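> The sequence shown begins at 4 in our numbering and counts up one residue at a time.
No lab work stands behind these hints: they were computed from the structure. One or more hints might be untrue.
What the hints assert, rightly or not - Below, computed lysine-lysine pairings styled on DSBU-like, alpha-carbon distance capped at 30 Å: (1) K155 - K174; (2) K32 - K155; (3) K59 - K32; (4) K32 - K174; (5) K11 - K136; (6) K174 - K11; (7) K174 - K136; (8) K32 - K11; (9) K11 - K155; (10) K136 - K155; (11) K155 - K6; (12) K136 - K32; (13) K11 - K59; (14) K59 - K136.
Values in this document were obtained by computation on a predicted structure and should not be read as measured data.
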Amino acid sequence: MVKDIRFKFMPYYDDMDAEDYHNFDLWGKLDILIDGVSFFSNYNYPENGGPLRMTKEGFVGQLATFLSELPEVPQRLLDEEIVVVEDDSTSKCLVFSLRENIVSFAICEYESTLPPWQIGIYYDGVGVSHSEKIPQTDKNIIEIIQFNQGLKNGLQNFIQELIEQYPNIIKDESFINIRNTVDSIN
């Protein structure tokens, strides 16, 4: 079981301008550090990242999607069996479930016409597999308290970076709402 998790957002700041920040058009790479090691370090597919188009350093996507949806995951896990955070720009999603205070998570590829778990192409920190449920390995299960804290810390770090890069972002109502939601994660 994972002891420590950290979500690491790596925006492509050099490719952004003020309008990108204002419109939350934030592209970059998302990595998830598991006990200090990239969740994607075992991903081993040649050229273009294989079936899920990832690399050993994470995956590229629309970071604004994750910034706006990830803060709601802890609360949603208390109400829903499966929580899915979709990145429509890449057809990838993060899938989470909670059972007995243990969070399971994986990366999944999806088609917009089907829920991700019906396709069942998952990366679970160990390898890619086909499954009807989120696979569970020692790399993708963590106690809810550690999950919430790691998610909150990663999001707060990303928010602080955004403020440093583009101070006017703190005037945006959507950004303020996201920041407040992140701060409320227990």
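> Is the Cα-Cα distance between K11 and K155 30 Å or less?
With a Cα-Cα distance of about 11 Å, the restraint between K11 and K155 holds, given a limit of 30 Å.
> Does the structure keep K136 and K32 at a Cα separation of 30 Å or less?
26 Å, holds
> Does K136 sit within 30 Å of K174, going by the straight-line distance between their CA atoms?
41 Å, violated
> Taking only the CA atoms, is the gap from K155 to K174 under or equal to 30 Å?
Holds: K155 and K174 sit about 21 Å apart, inside 30 Å.
> For the pair supplied as a hint, K32 and K11, confirm whether the alpha-carbon distance does not exceed 30 Å.
Given pair K32, K11 holds - Cα atoms ~8 Å apart, limit 30 Å.
> For the pair supplied as a hint, K155 and K6, is the alpha-carbon distance within the 30 Å limit?
15 Å, holds
> Does K174 pair with K11 here, judged by a C-alpha cut-off of 30 Å?
24 Å, holds
> Is it true that the CA of K11 sits at most 30 Å from the CA of K136?
Holds, at roughly 26 Å.
> Check whether the Cα positions of K59 and K136 lie no farther apart than 30 Å.
23 Å, holds
> Would you check the hint for K136 and K155, treating anything up to 30 Å between C-alpha atoms as holding?
26 Å, holds
> For a C-alpha distance cap of 30 Å, please report whether K59 and K32 respect it.
11 Å, holds
> K32 and K155: Cα distance at most 30 Å?
18 Å, holds
Checked against the numbered hints given earlier, this structure breaks only hint 7.
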